[in-house]
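Asks: Next come the chains, spelled out residue by residue.
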Amino acid sequence: KAGVTQTPRYLIKTRGQQVTLSCSPISGHRSVSWYQQTPGQGLQFLFEYFSETQRNKGNFPGRFSGRQFSNSRSEMNVSTLELGDSALYLCASSLAEQVTYGYTFGSGTRLTVV
Amino acid sequence: KQEVTQIPAALSVPEGENLVLNCSFTDSAIYNLQWFRQDPGKGLTSLLLIQSSQREQTSGRLNASLDKSSGRSTLYIAASQPGDSATYLCAVRGLDSGYALNFGKGTSLLVTP
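Order-wise, the sequence lines are chains D and Z.
Quick note on numbering: the first sequence equals residues 196 to 309 in my numbering.
Quick note on numbering: the second sequence equals residues 35 to 147 in my numbering.
Since the hints were derived computationally from the structure, they do not count as laboratory data.
Incorrect hints may have been included.
The calculated DSSO-like cross-link candidates involving lysine-lysine, where the alpha carbons are at most 30 angstroms apart (straight line), are [to be verified]:
#, chain 1, residue 1, chain 2, residue 2
1, Z, 76, Z, 139
2, Z, 35, D, 252
3, Z, 139, Z, 102
4, Z, 76, Z, 35
5, Z, 139, D, 252
6, Z, 102, D, 252
7, Z, 102, Z, 35
8, Z, 76, D, 208
9, D, 208, Z, 139
10, Z, 35, Z, 139
11, D, 252, D, 208
12, Z, 102, D, 208
Sample of chain D residues at the chain Z side, in silico, Cβ under 8 angstroms [said to hold, decoys possible]:
#, residue
13, 226
14, 237
15, 253
16, 257
Each residue gets a CB set at the ideal place from its N, CA and C atoms; glycine is no exception.
Could you put the whole structure together from the sequences, leaning on the hints where they help?
Replies: As structure tokens, this is what we get:
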């Protein structure tokens with residue numbers, strides 16, 4: 196059974212540009228969450244989608260946005276990139292909306308902003 | 035706001051030792067707690083998920099316990115191996131955070147041959 200797939204694995208962007216990251220959840224999983232991981236802040240929650248609806252959003256500026264498609268695949272977008280956006284972006288999927296289910300993470304996208 | 039703390043931040047042990055990693059959280063109103071492993075530059079691998087109504091979960095050489103009332107969880111690794119070297123993260127899913135996980139900063143474990 197395929198795991199959570201994130202593309203691309205690595206990205207190098209210039210300050211001011213925008214970037215789109217993609218996440219395909221495990222088949223049958225309808226909940227997709229995004230996290231940012233940096234050495235200083237650790238793992239921080241960005242947002243969570245279920246059935247194309249954003250249910251929860253973390254404390255990030257509006258430059259960070261996301262969406263989920265009808266097939267549960269999700270994308271996150273970061274506009275006007277800043278150097279501080281350099282991080283490992285992780286996507287996680289969960290089986291259902293019930294809170295008792297755990298999360299399965301992908302391998303992440305390493306974004307470097309220069 | 036839920037705060038999750040992991041102690042120690044780093045740990046080095048010789049192969050074969052049994053070890054305990056600690057995780058504490060400030061708000062006991064949680065749905066569950068999940069332990070993950072992260073290898074350098076990689077994603078997170080789920081190790082154990084403990085529901086708030088459970089006291090412990092076991093998988094192979096790993097055993098995780100949960101004391102919700104005191105806000106603590108421990109991950110016990112038996113007979114450690116060099117392949118166990120990684121960063122171990124605990125994450126709490128709290129009633130106040132809904133669908134978000136609150137992570138600790140992790141414990142970096144090195145098991146030496």
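Asks: When the hints from earlier in the document are held up against this structure, which numbers fail?
Replies: 12 and 16
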